[in-house]
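*Asks:* This is what each chain is made of:
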Amino acid sequence: MTETVLYTIISLSILGAIMAVILYLVAQKFKVYEDPRIDEVEEALPAANCGGCGYPGCRGFAEALVKADDISDFYCPVGGNETMAKVAEILGKSVEEKEAQVAVVRCSGSFDKRPRNNFYDGPASCAIESALYGGETGCHYGCLGQGDCVEACDFEAIFMDENTGLPYVIDDNCTACGACVEVCPNDIIELRKKNKKDRKIYVSCVNQDKGGPAKKACKVACIGCGKCVKVCPFDAITMENNLAYIDPLKCKLCRKCVEECPTNAIVEVNFPPRKKKAEKKQQNEKETQAKTGNNEKQNNN
Amino acid sequence: MLKTFKKGGVHPAENKISADKPIEKLSLPEQVAIPIAQHIGAPSKPVVSKKDKIKAGDVIAESAGFVSSNIHSSVSGTVLKIDHIIETSGFKQPSVVVKVEGDEWRDDIDTSNDLKQDISLSGKEIVDKVLKAGIVGMGGATFPSHVKLSIPEGKTIDTLIINGVECEPYLTSDHRVMLERGEEMVVGIQLLMKALGVKRAMIGIENNKPDAINHVNELVKDKDGIDVYPLKVKYPQGGEKQLIKALINREVPSGGLPLDVGTVVHNVGTALAVYEAVQKNKPLIERVVTVTGKTVEKPSNFLVRIGTPVEKLLEAAGGIPDDAGKVVSGGPMMGKALKSFDVPVVKGTSGILVMPNKEAKRYNERNCIRCAKCVSACPMGLEPYLLKKLAEQERYEELEENDVMDCMECGSCSYTCPAYVPLLDYIRFGKSKVSQIIRNRK
Numbered sequence: 001m002t003e004t005v006l007y008t009i010i011s012l013s014i015l016g017a018i019m020a021v022i023l024y025l026v027a028q029k030f031k032v033y034e035d036p037r038i039d040e041v042e043e044a045l046p047a048a049n050c051g052g053c054g055y056p057g058c059r060g061f062a063e064a065l066v067k068a069d070d071i072s073d074f075y076c077p078v079g080g081n082e083t084m085a086k087v088a089e090i091l092g093k094s095v096e097e098k099e100a101q102v103a104v105v106r107c108s109g110s111f112d113k114r115p116r117n118n119f120y121d122g123p124a125s126c127a128i129e130s131a132l133y134g135g136e137t138g139c140h141y142g143c144l145g146q147g148d149c150v151e152a153c154d155f156e157a158i159f160m161d162e163n164t165g166l167p168y169v170i171d172d173n174c175t176a177c178g179a180c181v182e183v184c185p186n187d188i189i190e191l192r193k194k195n196k197k198d199r200k201i202y203v204s205c206v207n208q209d210k211g212g213p214a215k216k217a218c219k220v221a222c223i224g225c226g227k228c229v230k231v232c233p234f235d236a237i238t239m240e241n242n243l244a245y246i247d248p249l250k251c252k253l254c255r256k257c258v259e260e261c262p263t264n265a266i267v268e269v270n271f272p273p274r275k276k277k278a279e280k281k282q283q284n285e286k287e288t289q290a291k292t293g294n295n296e297k298q299n300n301n
Numbered sequence: 001m002l003k004t005f006k007k008g009g010v011h012p013a014e015n016k017i018s019a020d021k022p023i024e025k026l027s028l029p030e031q032v033a034i035p036i037a038q039h040i041g042a043p044s045k046p047v048v049s050k051k052d053k054i055k056a057g058d059v060i061a062e063s064a065g066f067v068s069s070n071i072h073s074s075v076s077g078t079v080l081k082i083d084h085i086i087e088t089s090g091f092k093q094p095s096v097v098v099k100v101e102g103d104e105w106r107d108d109i110d111t112s113n114d115l116k117q118d119i120s121l122s123g124k125e126i127v128d129k130v131l132k133a134g135i136v137g138m139g140g141a142t143f144p145s146h147v148k149l150s151i152p153e154g155k156t157i158d159t160l161i162i163n164g165v166e167c168e169p170y171l172t173s174d175h176r177v178m179l180e181r182g183e184e185m186v187v188g189i190q191l192l193m194k195a196l197g198v199k200r201a202m203i204g205i206e207n208n209k210p211d212a213i214n215h216v217n218e219l220v221k222d223k224d225g226i227d228v229y230p231l232k233v234k235y236p237q238g239g240e241k242q243l244i245k246a247l248i249n250r251e252v253p254s255g256g257l258p259l260d261v262g263t264v265v266h267n268v269g270t271a272l273a274v275y276e277a278v279q280k281n282k283p284l285i286e287r288v289v290t291v292t293g294k295t296v297e298k299p300s301n302f303l304v305r306i307g308t309p310v311e312k313l314l315e316a317a318g319g320i321p322d323d324a325g326k327v328v329s330g331g332p333m334m335g336k337a338l339k340s341f342d343v344p345v346v347k348g349t350s351g352i353l354v355m356p357n358k359e360a361k362r363y364n365e366r367n368c369i370r371c372a373k374c375v376s377a378c379p380m381g382l383e384p385y386l387l388k389k390l391a392e393q394e395r396y397e398e399l400e401e402n403d404v405m406d407c408m409e410c411g412s413c414s415y416t417c418p419a420y421v422p423l424l425d426y427i428r429f430g431k432s433k434v435s436q437i438i439r440n441r442k
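Protein sequence lines, in the order shown, are assigned to chains B and P. Going by our numbering, the first sequence opens with residue 1, and the numbers climb by one from there. Going by our numbering, the second sequence opens with residue 1, and the numbers climb by one from there.
One or more hints might be untrue.
[Unchecked claim] Only pairs whose alpha carbons sit at most 27 Å apart, straight line, appear in this in silico DSSO-like list of lysine-lysine:
no., chain 1, residue 1, chain 2, residue 2
1, B, 210, P, 99
2, B, 113, P, 92
3, P, 223, B, 216
[What the hints assert, rightly or not] To give a feel for the contact side, a few chain P residues facing chain B, derived at Cβ under 8 Å:
no., residue
4, 90
5, 221
6, 225
7, 339
8, 426
9, 428
10, 429
No wet-lab data here; the hints were simulated from the structure. Glycine included, every Cβ here is placed at the ideal spot set by N, Cα and C.
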């Protein structure tokens with residue numbers, strides 16, 4: 001009896017040892033070299049696997065980072081500059097600091113401002129609604145309100161507001177991965193530079209119709225009047241296809257265009273209240289004086 | 001035994017309410033908007049400009065390529081503007097807006113009612129006239145007719161099929177054309193036969209129109225080669241591939257054309273338009289439109305100028321009923337709900353259907369129970385539940401492999417689904433994506 005047990009243990013141990021040697025040799029023979037830095041870099045990345053960097057997940061991004069000679073063009077929008085600095089440290093390469101960005105919904109056509117003139121009862125998907133029906137309102141450029149962007153977001157940063165029928169972004173959660181931008185069939189959502197205190201000034205409209213039809217379809221549409229282009233001291237605003245666009249990199253947040261816009265299509269977010277009217281009046285007078293002075297000078301010239 | 005196609009198909013309630021209403025001429029509207037893209041293919045190029053005075057029948061947009069079509073003014077008056085106007089699809093399209101002043105026709109158009117039966121022109125000249133008159137398929141697909149009449153080298157055609165099926169519920173415009181304009185239509189068929197050089201023409205009419213079958217039978221009795229074939233009532237028999245299968249038992253290959261199996265299909269409305277274009281020099285500027293619905297006060301068939309706003313038609317039919325839930329351009333199966341009543345009637349508008357609220361409502365979608373009813377209903381032998389799933393999951397390559405492009409959007413799958421899954425919406429979306437991919441590949 002004890003012999004049987006003994007022989008079993010011995011034979012199995014020998015068999016195990018032989019197998020271990022074979023496995024070791026095979027593993028040596030077919031070994032695939034992998035840069036150990038890939039693991040390190042992957043560790044440093046946020047592991048969101050959102051694809052915001054343009055690579056298939058964080059592992060793919062890490063591989064690309066290790067492979068590349070110059071990583072200054074790479075950017076992980078979720079981790080931001082902090083993560084990229086860590087990655088650079090691991091790889092011994094340099095990165096440039098990039099401006100943080102945030103998603104901005106460029107449509108203000110809420111239920112009261114942009115009346116629904118028909119009712120869509122197809123599948124609840126913006127992609128389908130835009131491809132087959134063109135929306136429930138007179139403006140087929142604007143938000144369709146089926147919430148494809150909410151579905152696409154991995155970071156709980158964009159939600160539908162039931163009162164307005166429009167999505168809103170929670171700036172603190174937004175990582176600017178661009179998933180919502182990609183999925184929006186009407187290209188309403190844009191990644192814009194993140195300013196101090198989350199301040200924003202942007203044209204909240206993508207309607208390319210002429211003034212009349214645009215205004216008819218939506219009270220807060222950009223009518224392409226061009227007043228903002230004239231008033232902007234930094235040449236940050238351009239007009240194309242009856243639609244104004246504020247370049248976030250040139251804009252210095254002076255808020256002049258917001259006042260000028262006749263339809264309130266340009267919105268300001270997170271700004272302190274404006275100065276009192278009397279002060280403003282004085283300022284305006286000064287400005288007009290200065291302007292007329294300039295004109296006179298020009299005339300003289 | 002009546003002929004029909006074998007694969008799939010459904011039989012919705014026919015509801016041909018306006019079948020006994022004679023065609024009425026609708027009075028001219030104050031203003032028409034004529035879209036420059038009323039056909040499949042390249043949009044035409046506008047050749048008029050603001051403030052131009054034009055007569056009915058004048059070309060306002062020229063054909064831009066082989067698969068394209070001329071567009072003519074349907075009224076006389078002044079061009080107000082060329083602007084983006086919302087049309088049936090719900091999207092804005094460039095259109096020529098004309099203010100109507102009087103009713104003056106181009107001089108060479110024969111406006112008399114005499115029947116001109118003698119055919120003096122050669123086949124080539126007929127095709128030429130069809131091309132100039134801007135005739136497109138009047139059944140709804142609006143494929144330019146001259147393309148169908150120009151047989152490429154190496155192909156032979158032995159049969160002309162005339163589509164008088166009108167399988168869509170509610171619609172009766174083709175039915176009325178066969179009854180009231182039958183004589184002209186038969187001449188049109190003879191013209192088409194001459195243009196194609198075929199000896200045999202088959203007119204397919206569904207069995208729910210016995211008066212039309214008898215009437216047309218009477219008219220073609222002494223005409224060589226033209227025969228009427230009553231067909232069993234089944235939707236979508238008016239689809240060209242289904243009709244070919246039903247009448248001559250040939251199957252059009254996937255991605256192919258009727259040309260590939262030696263036949264060409266034209267609608268009865270197209271035959272009438274060809275008659276008018278060739279014998280009377282009249283371009284395609286008006287068509288018969290059914291205005292109908294269970295609660296519509298006066299369901300009617302109107303002869304309408306192209307570009308007339310839908311609102312005018314509804315007014316003439318007794319206004320929009322209070323319980324209207326949807327106003328659909330086309331029939332209930334394939335038609336499109338309208339977003340606005342300002343949309344103009346175009347060459348492909350066969351009817352305007354007002355659906356009462358109760359019927360217009362879509363039911364809430366429930367889970368697919370894999371009963372495969374959609375598979376047995378699909379006349380093209382596709383698997384709608386699979387196509388829907390692939391489209392939903394954006395698996396476009398597999399979608400293409402599963403022949404989504406063969407879908408003709410007849411809606412039999414959505415109609416038959418017991419779980420109210422909007423199959424066709426997804427398939428249409430998938431089709432648009434796949435066709436985009438195919439276009440990019442070229």
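*Asks:* State for each hint whether it applies.
*Replies:* Hints, verified against the model:
1. Taking the CA atoms of residue 210(B) and residue 99(P), the gap is about 22 Å. The hint holds against a cut of 27 Å.
2. With a C-alpha separation of about 21 Å, the suggested pairing of residue 113(B) with residue 92(P) holds against the 27 Å cut-off.
3. Of the supplied pair hints, the one linking residue 223(P) and residue 216(B) is violated, its CA atoms being roughly 58 Å apart against a limit of 27 Å.
4. This hint holds: residue 90(P) has a C-beta 4 Å from the nearest C-beta of chain B, less than the 8 Å allowed.
5. Given the 8 Å rule on beta carbons, the hint for residue 221(P) is violated: about 47 Å separates it from the nearest Cβ of chain B.
6. With a least beta-carbon distance of about 43 Å to chain B, the hint placing residue 225(P) at the interface is violated under the 8 Å criterion.
7. Because the smallest distance between the Cβ of residue 339(P) and any Cβ of chain B comes to about 5 Å, under 8 Å, the interface hint for this residue holds.
8. Because the smallest distance between the Cβ of residue 426(P) and any Cβ of chain B comes to about 7 Å, under 8 Å, the interface hint for this residue holds.
9. Hint status for residue 428(P): holds, given a least beta-carbon distance of 6 Å to chain B, under 8 Å.
10. Because the closest C-beta pair between residue 429(P) and chain B is about 5 Å apart, less than 8 Å, the hint holds.
When held up to the earlier numbered hints, the structure conflicts with 3, 5 and 6 and fits the remainder.
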